[in-house]
Amino acid sequence: MPNQDPSPFEGISYCPRENTMKEREANVRRVIERKSLLPRMIYLSIQSASASLKENLDVNGTRSDPKVFGLDLIDWINFSVFLNAWNLSSHEIGMANGEGGLSQAWHCVDSLLEKYVLAKVSSMETLISSPWVDLPVLVQLITEPLAWHGLVIQSCFRSCLPTGKKKKKTGVADQSSLSHLRDSVQSLCDTVEKVMKWLREQINRPEDENLETLLSALQKSGQNEGPGQVFQIIETFMSSKNDTELGDRISQALKSWSSVDVGRKIVTGKCTVLSEFLRICESKLKLLQALKHQIAQV
2 MPNQDPSPFE
12 GISYCPRENT
22 MKEREANVRR
32 VIERKSLLPR
42 MIYLSIQSAS
52 ASLKENLDVN
62 GTRSDPKVFG
72 LDLIDWINFS
82 VFLNAWNLSS
92 HEIGMANGEG
102 GLSQAWHCVD
112 SLLEKYVLAK
122 VSSMETLISS
132 PWVDLPVLVQ
142 LITEPLAWHG
152 LVIQSCFRSC
162 LPTGKKKKKT
172 GVADQSSLSH
182 LRDSVQSLCD
192 TVEKVMKWLR
202 EQINRPEDEN
212 LETLLSALQK
222 SGQNEGPGQV
232 FQIIETFMSS
242 KNDTELGDRI
252 SQALKSWSSV
262 DVGRKIVTGK
272 CTVLSEFLRI
282 CESKLKLLQA
292 LKHQIAQV
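Mind the numbering: the sequence shown is residues 2 to 299 in our numbering, read in order.
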């Protein structure tokens, strides 16, 4: 049979009212999902930050470990960022706190980020030879709370711009809010730039200098744990040269052992990681500077 042309009414619903209702439901669902995102983030940050706090509370309610807050540093700063965003988006809270309260909240978040980011940097003066316990925390500070705070600033900046009827009537942005945004963006830029400067200093150090620093740290006597202990155990096996005790496989592996070669590979690997972290910081700074330029144009 010959192919029949499709009906001109094919795909058209005969229930326009039903389609309209479905579209409205979909729109309402999207609005609910968008508006529930921030409360959800606050809830998750509270749950995460309070988990270990509950575990470290004594029966009488006192903290058994004074460093418990340090263990959840990222979670607590994330919470402060999201809480600040919630205060900014809540009309009732904003009216209750007033302009001074909102300004203080902005300054508090900026100060927290600057304080703990730079504290982690200062705790790792010579990163090549020091343990990398604080480096993952520093990376997380840059990629989580600092990045979240940047997104909050970006969202607030867009909300400050006049739109629709307000734009036609006034054409002027909320200058009081823009002042807080300028200060926050500048604070974040300064913090990231200090981290980048420190990273470049670590990366650009001569390889031989890094190698000497690393080997002297590993060969320091009296180390009962960590890489230094492992390094000294291998050096001891190298000096003993007891093939019968170690076995052929281990003995053959130790013959190719070179502390200088291993140290050089460690230095190269650490510099590679630092270079990748530097690229992340450069990307964050580029976004912040673009936002800073946009705010300056208003």
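To be clear, the hints were calculated from the coordinates, so they are not data collected in a lab.
Careful, some of the hints might be misleading.
[Said to hold, decoys possible] DEER-style ranges, computed between Cβ atoms: (1) GLU202 with ALA291: 24 to 30 Å; (2) ARG206 with SER104: 48 to 54 Å; (3) GLU202 with ASP249: 42 to 48 Å.
[To be verified] Capping the alpha-carbon separation at 25 Å, the derived lysine to aspartate or glutamate pairs in DMTMM-like fashion look like this: (4) LYS195 with ASP249; (5) LYS198 with ASP209; (6) LYS198 with GLU210; (7) LYS287 with GLU115; (8) LYS198 with ASP262; (9) LYS195 with ASP262; (10) LYS293 with ASP184; (11) LYS116 with GLU236; (12) LYS271 with ASP249; (13) LYS271 with ASP209; (14) LYS198 with ASP249; (15) LYS195 with ASP184; (16) LYS198 with GLU208; (17) LYS287 with GLU194; (18) LYS116 with GLU213; (19) LYS116 with GLU283; (20) LYS195 with GLU208; (21) LYS287 with ASP184; (22) LYS221 with ASP209; (23) LYS287 with ASP73; (24) LYS198 with ASP135; (25) LYS221 with GLU236; (26) LYS198 with GLU145; (27) LYS198 with ASP184; (28) LYS221 with GLU283; (29) LYS266 with ASP209; (30) LYS256 with GLU236; (31) LYS287 with GLU202; (32) LYS221 with GLU194; (33) LYS271 with ASP135; (34) LYS116 with ASP73; (35) LYS271 with ASP184; (36) LYS195 with GLU145; (37) LYS116 with GLU145; (38) LYS221 with ASP135.
The beta-carbon is built from N, C-alpha and C at its ideal position, and this holds for glycine as well.
Hints violated by the structure (numbers, ascending): Numbers 2, 4, 8, 9, 11, 12, 14, 18, 23, 28, 32 and 35 - these are the hints that the structure violates, sorted from lowest upward.
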